[in-house]
Structure formats: C-alpha cells, structure tokens
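Colleague: Let the sequences and hints guide you as you build the complete structure.
Heads up, the sequence shown is in this note's numbering, so the first residue is 1 and it goes up one at a time.
Please note that the accuracy of each hint is not assured.
Calculated pairs, SDA-like style, for lysine to any residue (alpha carbon to alpha carbon, straight line, at most 25 Å) [unchecked claim]: (1) 530 <-> 541; (2) 401 <-> 441; (3) 460 <-> 59; (4) 352 <-> 14; (5) 513 <-> 494; (6) 493 <-> 437; (7) 441 <-> 413; (8) 258 <-> 271; (9) 245 <-> 471.
Don't read these hints as lab results, they were simulated from the structure.
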Amino acid sequence: MKLKLDSLIEWAYVFLVSAFLLYIGMAVTMNYRLIHSFPYGFSASDAFGEIAYTEGIKDLGDYKFLPYYIRYGFSDTLGFHMPMFNHIAAIFSYVSGLPVWDSLLIIGFLFSIFSLLAMYSLIRNFNRNIALIGIALAVFLYERNFSIIYTWGQWDLIMATFFLISAVWVLDKFEIKYSYILFALLASGVALTHISEAIFLLIFTILFFVLKLLRKKLSSSDFKKLIISGILALIFSFYYLLIFKVGYGAGGVDNSIKYQAPERFDVVLSQFGLFQFLIMAGLLVALILLFAGIESTALLFGSFMFFIGYTNFISSFAPRAFQTRYLWPIHLPVLIGALIYFKLKFIIKEWKVVYSIAISLILAVSITLVYYQKTTNSGIINEQHWGALNWISQNTPKDAKLVYFYGDPYNQEAILWNQKRVSYRVNMEDFVNAIKEGKVKREYNVEVAAADDAELLYSKGAFSFGYHYREINKTAYFGQNDICKFDYFVFDKVGSQQALIGYNAVIANDLIKSGIVQPVFDNGVVLILKNNEPGGNCVEERNL
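Modeller: Shown next, in the form of structure tokens:
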C-alpha cells in the first residue's frame with residue numbers, strides 16, 4: 001500500500017511540474033491563447049521558415065519537392081530539410097484546425113515536456129529520488145537565453161531530443177523482448193528530425209556498448225540485436241539520409257580544431273547562476289560513480305550531453321554544440337539530483353519520496369523567483385504585415401515576381417517565403433547609398449529571398465542528382481537589376497528608420513507617376529503597387 005501511495009504522490013508531482021512548465025512556457029509565450037491571426041511570438045527567420053515548409057506540405061500533399069517560391073522559382077528541388085517535425089506539425093494542424101504557426105509552437109512546447117518525461121524515466125531507472133530532485137532544473141527552459149529555442153524556431157531540435165532520450169531509455173532496457181525494433185524506430189526518428197542528434201546517438205551507443213564490453217557484460221545476443229537495429233534504422237531512414245549525403249554532405253565536413261566563441265544569444269553555463277556550481281559538482285560526482293563501476297545509463301548520458309555542449313572547438317560541431325546547450329535543463333537534471341541526493345543520504349538514512357519532492361519544490365520555486373523571465377511579445381511581425389503577405393498569396397499570379405524595399409521585418413528572409421511567391425529584397429546598403437547620393441534609380445542591388453541549401457538539389461534519375469545553384473546565371477538573382485522587370489513593388493509606410501520610410505514614399509510616388517504602376521493594396525502599414533507593363537519605363541531616374 002505504501003509503495004502505491006509513494007507512486008501516486010510521485011506521479012502527481014511530475015504531472016504538476018509538467019503542467020506548471022506548460023503554463024510558464026507555452027501559455028505565457030502564446031499570450032494565453034491557442035489561436036492567433038498571425039505568427040504571434042515568432043522572433044527569427046528560422047521560425048518563419050518552418051511555417052513555409054509546413055504550409056508547403058499541406059499545399060503539395062507531401063515533402064518530396066519543396067515549394068517553388070522557397071527555391072528560386074524551381075518546382076523540382078528535393079526536400080532537403082529533415083521531414084519528421086514538419087509532417088507531424090502539418091497533421092496536427094489538419095486535425096486540430098489550428099493555424100500552422102500556432103501548431104508549430106504547441107508541438108514544440110509539448111515535445112519539450114515529452115523530452116523531460118523521457119529523461120525523468122531514464123533517471124528513474126537508476127534512482128527515483130534523483131529523478132524527482134533533478135526535474136526542477138527544467139524551469140531554466142524559460143530563462144533567457146534558453147527560451148529562444150521556442151521563439152526562434154528550433155522545434156525540430158526539441159522533437160529530435162525526445163527521440164534521442166527515448167532511444168537511450170531503450171538502450172537501458174535492451175534486454176526487453178523486441179527492444180531492438182523500438183530502438184531502430186527511435187533512431188530513425190532522430191535522423192529524420194534533426195541529424196546532429198542522430199550523430200550524438202551513434203556516438204553514445206558506441207560508448208555504451210564499449211563500456212559493456214569492458215565490463216564483460218556484452219552478450220552475443222546484445223551484439224546481434226544492435227546490428228539488426230542499425231540495419232533497420234538505415235532502412236527506415238535511407239531516403240532522407242541519401243538526400244542529406246548528396247545535399248548537405250556534398251560540400252564536405254570541416255573537422256578542423258578551431259574554437260568558436262558563443263554569441264550573445266547562446267547559452268553559457270553561467271546562465272544557470274548559482275546552479276552552475278551544483279551542476280559542476282554533480283558532474284564530478286557522476287564521473288566518480290561511473291569510474292567506480294556504478295552502472296547508470298542516466299549518469300553516463302547526462303555527463304555525455306554536458307560534454308557535447310562543449311564541442312564548439314570542432315568547426316563543424318560548434319553550431320550543434322550551442323544548440324545542445326539550449327536543452328541542458330532537460331539533459332542535466334541527473335547531475336543536480338545525484339549531487340543533492342547522495343550528499344543528503346549521508347545524513348538522512350531513511351529516505352522518503354516526500355523528501356525528494358520537498359527539495360525539488362524548493363528548487364523549482366527558487367529558480368522561478370530568481371531566474372524565470374516572461375517571454376510574452378508579439379514577435380517581429382504584426383497583423384498588418386501578415387495581412388499583406390496573405391493578400392499577395394491570394395491575389396497575385398503564381399508566377400508573379402515581387403521586390404521589397406525597406407521594411408523592418410524583411411531582414412528575416414524566411415518571412416517572405418510565406419507570401420508563396422518568388423520575391424526579392426533591395427539590398428539595404430545600396431538603398432542607403434542612394435539616399436546619401438540623393439538619387440531615385442531604376443537599377444538597385446537586389447537579392448532573391450529564397451533558400452539555397454543543398455545547392456537547389458534536384459533529381460535527374462535513380463541515384464542521379466543535379467544542383468540548380470551551380471547551373472543558374474546568378475546575376476539574375478543577385479546584384480544590380482532593373483526594378484521595372486518586377487510585377488509588384490512592396491513598400492512599408494511605417495518603420496523604425498524614418499529616412500528610409502521617406503525614401504520608400506518617394507520611390508512609390510515616382511512609380512505611380514509613370515502611369516503604368518498602380519496601388520492595389522494599402523493597409524496603412526504596407527503599400528503594394530502593381531506593374532502593369534513589366535519591362536516598361538516604370539520610373540525616371542532623377543536627383544532628389
């Protein structure tokens with residue numbers, strides 16, 4: 001009876017922590033609303049790119065090809081982006097009826113909780129009290145800079161982390177019948193969601209079984225199951241791994257030793273405040289226990305992910321090392337929990353579950369009061385800008401080409417993918433120089449707003465591939481271009497740089513005076529002009 005009561009109290013507390021994290025994370029970030037008329041809270045280009053990828057799946061029905069408007073106008077480029085997250089988001093959006101942007105945020109937050117629960121279960125395999133104490137560290141997920149993983153669109157990393165930790169949990173229970181099939185499914189899930197986590201899983205799996213071999217606990221059955229798992233995982237993820245190899249992998253991998261310092265938005269250990277010292281001490285305890293022969297997959301994995309966060313001295317690993325740090329509050333609870341539990345166990349011989357919950361609660365409240373920061377803000381786009389993008393997608397020909405002049409949101413390229421048309425941006429340096437020179441010009445330096453990842457990879461046949469980026473005339477997409485060739489011109493009427501807004505108005509007025517350009521949309525923030533004679537004399541060059 002006591003055991004059942006302890007379990008009831010334990011899981012009630014875990015549920016309470018999960019609900020609390022969803023509240024201070026998802027509810028606050030989404031301003032306590034499930035549905036928004038525009039991508040509320042989105043603060044980086046990557047986040048808007050995920051909207052475009054997911055909308056593309058909904059529009060095209062699959063992910064074999066990417067939408068043409070993301071890829072320089074080419075409709076045959078292969079989906080280079082890891083597909084799992086966007087497929088799940090598209091399905092969730094269909095089933096729930098929620099907009100894609102809200103679906104992306106919700107799934108991102110939910111999978112961070114799923115990842116935490118998977119980590120809790122892994123630690124619990126070792127020691128329930130350590131798991132209970134350590135879970136409090138997850139509150140740091142919503143402390144700056146950790147929380148930008150949600151608003152900057154790193155949701156596929158979060159989902160991959162769930163598959164990664166779940167796969168490690170299966171390794172810890174590898175003796176279970178058919179565990180090798182589940183491991184293969186989870187491993188392929190990692191590869192199809194975020195490839196760097198698949199590499200981490202591969203390294204950890206090798207480490208895990210090497211240690212079993214050194215301890216003389218690696219059976220022939222384990223070895224056979226591992227081989228079968230590897231073969232199945234390769235089969236399940238073969239298509240995307242092939243695309244990754246000929247796409248991202250075509251440029252090679254830089255494994256040179258070169259330290260890369262974190263940027264201002266990256267996570268550093270000191271952002272844990274006083275808890276950084278507990279983490280370091282916990283790491284020392286974990287390493288001592290592991291070297292002493294204690295068999296704990298949780299201690300090994302927590303220590304492993306700590307060190308992965310410091311692989312920023314390897315050139316190709318550095319960005320992934322910094323990404324891993326965003327989820328340290330999920331990876332490292334075992335270090336905090338082990339330190340506190342084993343220290344106090346010297347004093348309290350008869351340990352009870354309620355002690356662990358009490359300590360965890362104190363830690364969670366302390367972290368919340370001292371370090372938690374609300375992340376509620378509308379993001380880098382507003383309803384008016386999003387309305388303009390929607391108008392373009394619904395009211396312009398699919399082959400229309402647009403050029404964007406100055407606007408605060410447009411420095412985040414992927415925002416423009418969501419108008420679902422091929423678009424270009426005027427280079428701001430050239431734009432500012434024109435103001436300094438006091439000129440209205442017909443030719444400006446422009447650049448296409450599109451993704452050139454994997455060099456615009458396309459299929460020529462079975463196992464034969466081409467790269468549009470290597471074949472195109474790049475001057476048509478970058479550099480000095482006649483703006484009169486474009487079908488539509490987009491100007492912001494409101495912005496942070498008044499001189500640039502004023503120059504926008506001058507160019508727009510001159511275009512209208514030509515007689516071949518007319519306003520077709522104006523919501524007070526964004527003005528869209530239509531060029532009725534592309535290639536005609538749409539503007540006269542003059543001095544201001």
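Colleague: List in ascending order the numbers of the hints, as given earlier, that are violated by the structure.
Modeller: none
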